[in-house]
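> What follows is each chain in one-letter form.
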Amino acid sequence: DAGVTQSPTHLIKTRGQQVTLRCSPKSGHDTVSWYQQALGQGPQFIFQYYEEEERQRGNFPDRFSGHQFPNYSSELNVNALLLGDSALYLCASSQRTGTGGSGYTFGSGTRLTVV
Amino acid sequence: GENVEQHPSTLSVQEGDSAVIKCTYSDSASNYFPWYKQELGKRPQLIIDIRSNVGEKKDQRIAVTLNKTAKHFSLHITETQPEDSAVYFCATIKNYGQNFVFGPGTRLSALP
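Chains as they are written, first to last, in our numbering: chain H, 1 to 115; chain S, 1001 to 1112.
Please keep in mind that the hints were generated in silico from the structure rather than gathered at the bench.
Where is the CB? At the ideal position from N, CA and C, for every residue including glycine.
One or more of the hints may lead you astray.
Over 10 Å on every C-beta distance to chain H, these chain S residues come out as not near it, computed from the model [as the list claims (entries may be wrong)]:
#: 1; residue: H1007
#: 2; residue: L1011
#: 3; residue: S1012
#: 4; residue: E1015
#: 5; residue: S1018
#: 6; residue: S1028
#: 7; residue: Q1045
#: 8; residue: L1046
#: 9; residue: E1056
#: 10; residue: D1059
#: 11; residue: N1067
#: 12; residue: T1078
#: 13; residue: E1079
#: 14; residue: N1099
Using C-beta positions, here's what the derived DEER-type ranges look like [unchecked claim]:
#: 15; chain 1: H; residue 1: R96; chain 2: S; residue 2: N1067; range: 27 to 35 Å
#: 16; chain 1: H; residue 1: Q56; chain 2: S; residue 2: D1017; range: 18 to 26 Å
#: 17; chain 1: H; residue 1: K13; chain 2: S; residue 2: E1079; range: 42 to 50 Å
#: 18; chain 1: H; residue 1: E53; chain 2: S; residue 2: R1061; range: 41 to 49 Å
#: 19; chain 1: H; residue 1: H10; chain 2: S; residue 2: L1046; range: 20 to 28 Å
#: 20; chain 1: S; residue 1: E1079; chain 2: H; residue 2: R57; range: 40 to 48 Å
#: 21; chain 1: S; residue 1: L1040; chain 2: H; residue 2: F69; range: 45 to 53 Å
#: 22; chain 1: H; residue 1: R96; chain 2: S; residue 2: E1015; range: 22 to 30 Å
#: 23; chain 1: H; residue 1: E52; chain 2: S; residue 2: I1062; range: 23 to 31 Å
#: 24; chain 1: H; residue 1: N59; chain 2: S; residue 2: S1028; range: 16 to 24 Å
#: 25; chain 1: H; residue 1: N71; chain 2: S; residue 2: N1003; range: 19 to 27 Å
Okay, chain S solo, but in the shape it has when bound (with noise of 0.2 Å):
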């Protein structure tokens, strides 16, 4: 089956520093990779996502970037602000109507 695997599991950046977080994934079938944010005690929220026929995607702060052939995707958040603070997860799906996939998370710390 798929296994996602994501770094770091902790990241401390200054506030208007960039953040940059890599998954990478097993299965080439593949086709669509979703970031979410978690705050505490909270649901995981859709941050941004990305299809297997995109390399780049890009929201106000915040893009993903996609390499099929290599099996990784990344967050890159600029900017970044104390709010940013969560834990962030990656994950992938095969097929609609198929079952995410998970990345264990990044714990981002986002000083003032």
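Bound conformation, chain H alone (with noise of 0.2 Å):
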């Protein structure tokens, strides 16, 4: 059974650029949530996607913007990179109904490096 998977791995991108980054949660999982991981930190909430729609927010700019399909992946989308976006983008995905948090499954991230 496969865990998250998130795709690419590692990516570089010039300020101002846009970026796209990719995540197909656990079998059995409908809810997908992401983090920043900045060097050194721990991971900050992004959002969280159930049913197609952003459930919640943490505390980041609209650059910042998602998308959850009906096969229940989702995509982080970035605008207007900026240098201080370079992190570790983390995908969790779980289970709405299940008991809380036990079932939170993290991906292996994407490293983005922005120059």
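Starting from the two chains in their separate frames, assemble the complex, guided by the hints.
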């Protein structure tokens, strides 16, 4: 059974460009959450998608947007990239109707470097 | 919103000794408290968790204790081994469907 799959694994972009990161949730999971982990810090919540809608959002600007598809996979889009957007972007999937927190599964992340 | 503090930020212990990492949180509604281990370049891996209706949980060399009144929970690692070296993150969550709030992490070095 595949876990959470993220692509690409590494990415280098130039300031001002746009980037799209992808996530396929674990089988049986219907909720996808995105986190940004800057070097030396804990993951910071960006947003969560369920039933193809953004359900919650952390303290991130509108340059960060997302999408969830009918098969529960998700994309994270970042526009007008800044150097400070360089980070590991983690996707986590879970089952909405499960018991709180314990079904959370993280992907291996996408390492984004903005130059 | 929830604020999670974690101490110490770095911890060095001799192989075989014990290590303790403590987290405090602000939101009394938080009810699930996991601990994650993250090795360099890898994803966070859940190592142990505890719910608000339990005071202590143990899994081999790892244990977690929770004090809901004081709003803190701790990770205890006994007989530390070199492969325990990693960054450890605590986290809290209020209700299912909500997001995790992570602590800033503790870099544990288990010296042979």
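> Can you list which hints this structure breaks, lowest number first?
Numbers 7, 8, 14, 16, 21, 22, 23, 25 - these are the hints that the structure violates, sorted from lowest upward.
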